[in-house]
Amino acid sequence: VDGLAPLGVAAARVALLALAAPLVTGIVQKMKATLQSRQGASVVQPYRDLRKLLRKGTVQSDTASAIFRAVPPLVLAATLTAAAMVPVLFLPGAAGGARLPLGDAILLLSLLALARFLLAVGALDAGGAFGGMGASREMTVGVLVEPVLMLVVFSVAAAVGTTELGDIAARRSLAFRAPDLLALFSMMLLLLAETGRIPVDNPDTHLELTMLHEGMLLEHSGPGLGCLVLATHVKQIVIMAFSLAIFFPEGLAQSLAPQAIAIAAGAFCLKIVGLSIFLALVESSYAKLRFFRLPQFLGMGLLCAFMALALRLL
Amino acid sequence: VTPALAHHLIDDVGAMLLFTMILILGAGQLYRAIYAVAAQSVFIGIAGGVLATATGNSDLWVIAGLTIVIKAVALPWLMLRVIARVGIRREIEPVIPISLTLAIAAAIILLSFYLSASLGTVRQAITGNALPVGIALMLLGVLVMVSRRKAVTQMVGLFASENGIFFTAMAVSQGMPLIIEIGVILDVILGALVMGILMLRVRSSLDEDIADLEQLKG
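Residue numbers (my numbering), protein chains in the order written: chain D, 1 to 314; chain X, 1 to 218.
Mixed in with the good hints, there may be bad ones.
Stated by the list, open to error - What the simulated footprint calls covered on chain D by chain X, stretch by stretch (three residues with Cβ under 8 Å from a Cβ of chain X suffice, anywhere in the stretch; the number is not a length):
| hint | stretch |
| --- | --- |
| 1 | 177-191 |
| 2 | 287-297 |
Stated by the list, open to error - Restraint ranges, calculated between C-beta atoms of paired labels, are given here:
| hint | chain 1 | residue 1 | chain 2 | residue 2 | range |
| --- | --- | --- | --- | --- | --- |
| 3 | X | A74 | D | V273 | 37 to 43 Å |
| 4 | X | R81 | D | A12 | 55 to 61 Å |
| 5 | X | L198 | D | G251 | 19 to 25 Å |
| 6 | D | I277 | X | R81 | 32 to 38 Å |
| 7 | D | L270 | X | T53 | 31 to 37 Å |
| 8 | X | G28 | D | L281 | 18 to 24 Å |
| 9 | X | V184 | D | D204 | 48 to 54 Å |
| 10 | X | G183 | D | L107 | 21 to 27 Å |
| 11 | X | T2 | D | R51 | 41 to 47 Å |
| 12 | X | W61 | D | L281 | 53 to 59 Å |
| 13 | D | V273 | X | V73 | 30 to 36 Å |
| 14 | X | A117 | D | E250 | 43 to 49 Å |
Don't read these hints as lab results, they were simulated from the structure. Note that CB positions come from ideal geometry on N, CA and C, so glycine has one too.
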């Protein structure tokens with residue numbers, strides 16, 4: 001890599017995703033409220049929550065160690081680094097050969113896995129019962145989700161010949177072949193699991209029986225909680241952008257001309273709103289699954305991804 | 001329709017058929033499995049339409065129409081009605097856990113791809129992945145039949161199996177003679193009617209479920 005320009009590009013991408021991430025959560029919440037005939041909070045409510053949390057003081061349990069305090073920034077950092085790897089507005093070739101070989105889909109997924117691990121460690125460290133339960137559940141879901149995500153990536157990468165997301169997006173033809181259909185279904189199931197949405201997790205509740213992700217956040221407070229909530233928002237938009245880059249890269253700019261970038265930004269917003277509608281519809285029309293039913297639900301995703309790979313390779 | 005496009009479309013329909021099959025296998029409730037098998041039959045109809053335009057075999061239009069009308073509309077409606085009349089529990093009652101069924105399904109899919117790869121020459125003559133998909137559907141339908149307790153779910157498995165046979169037949173031989181296809185559809189209708197009548201009769205005279213009949217010894 002020569003020069004600082006690619007680094008600047010990556011930093012700008014991270015900043016853009018981090019700034020837009022709470023808005024996506026707000027939009028999904030608003031859509032859900034509308035679908036359920038409620039008025040709902042404003043779409044900027046997540047920003048207000050974050051501002052409130054960042055201004056508050058911190059309280060922590062007596063048993064918590066330094067790890068507990070280190071977890072929120074580390075989780076946020078891992079998630080933001082993952083955000084640097086998804087193509088959002090333009091293809092890697094657009095910057096005139098100056099490209100930043102930051103990492104590929106595998107690194108992105110492992111950074112998200114790292115964030116998940118750190119979060120679980122922090123929850124266990126605080127010593128609360130709910131934290132341990134939430135961590136245990138979250139890791140169980142992780143075991144079911146992460147291999148399937150890898151299978152989806154492999155099924156696409158087998159056709160394109162690379163695991164780098166930018167190249168996948170660039171080389172992907174418009175033709176949607178049969179394996180892609182199956183991989184897409186799998187990805188849609190995983191999207192629900194990874195964003196902590198209703199058949200898998202319930203993002204709106206702190207009720208002990210239903211929570212997975214929220215359980216791990218219970219012991220955190222103040223700016224630390226703010227970091228973790230922001231990380232949750234960012235993880236959501238990263239997973240969305242990730243699936244868009246793999247399956248619908250249409251609209252990504254070929255060059256850095258302002259016009260092309262503007263079109264790409266519009267296309268990205270449209271696609272994100274489309275995915276948000278999907279999330280809101282599913283959340284409003286399904287009940288949360290019993291925890292022990294999850295292997296069955298995610299098993300369907302595994303089978304889809306598996307068949308996508310089989311159709312691709314055999 | 002060019003052969004290449006037909007090839008693509010049949011592949012896509014095959015993917016949708018497998019996806020609906022997974023929905024059937026993973027369904028936790030009866031009506032979901034029934035909707036999934038109805039959707040699967042719609043895709044069989046679409047495959048028939050695609051092949052009819054691609055090959056110019058007008059018999060396939062008749063078969064596609066019959067499939068959609070009977071297997072996607074009439075029989076699912078009958079099954080839903082029987083469920084409502086008999087008032088059975090709406091959960092699927094699997095003999096083995098559903099997640100285990102899904103794992104077995106993965107093995108079956110691999111097996112069917114392996115099988116069809118060994119039939120190299122046949123595979124060349126037809127459109128893409130139609131043969132392995134057809135075999136997989138057939139075997140997975142049987143899996144549904146053996147791994148579920150209720151008569152309705154066994155019927156769903158039979159339909160899925162039937163769909164697999166249809167798909168294979170259409171894609172491999174570009175359509176069987178019309179008379180055979182109609183015979184097969186009649187068989188399915190007969191099976192569904194027997195299932196419906198048997199369930200209603202058993203319920204009204206014995207107040208028992210079909211699974212309880214296994215306890216009977218002569």
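Evaluation of the provided hints:
1. 177-191: holds (count 6)
2. 287-297: It holds, with 4 qualifying residues against the three required.
3. X:A74 to D:V273: 37 to 43 Å: holds, 39 Å
4. X:R81 to D:A12: 55 to 61 Å: Holds, at about 60 Å.
5. X:L198 to D:G251: 19 to 25 Å: About 56 Å separates the Cβ atoms of L198 (chain X) and G251 (chain D), which means 19 to 25 Å is violated.
6. D:I277 to X:R81: 32 to 38 Å: holds, 34 Å
7. D:L270 to X:T53: 31 to 37 Å: holds, 33 Å
8. X:G28 to D:L281: 18 to 24 Å: holds, 20 Å
9. X:V184 to D:D204: 48 to 54 Å: Since the Cβ atoms of V184 (chain X) and D204 (chain D) sit about 50 Å apart, the hinted range of 48 to 54 Å holds.
10. X:G183 to D:L107: 21 to 27 Å: Violated: the Cβ-Cβ distance is about 57 Å, outside 21 to 27 Å.
11. X:T2 to D:R51: 41 to 47 Å: Hint violated: Cβ distance 58 Å, outside 41 to 47 Å.
12. X:W61 to D:L281: 53 to 59 Å: Since the Cβ atoms of W61 (chain X) and L281 (chain D) sit about 35 Å apart, the hinted range of 53 to 59 Å is violated.
13. D:V273 to X:V73: 30 to 36 Å: With Cβ atoms ~35 Å apart, the hint holds.
14. X:A117 to D:E250: 43 to 49 Å: violated, 34 Å
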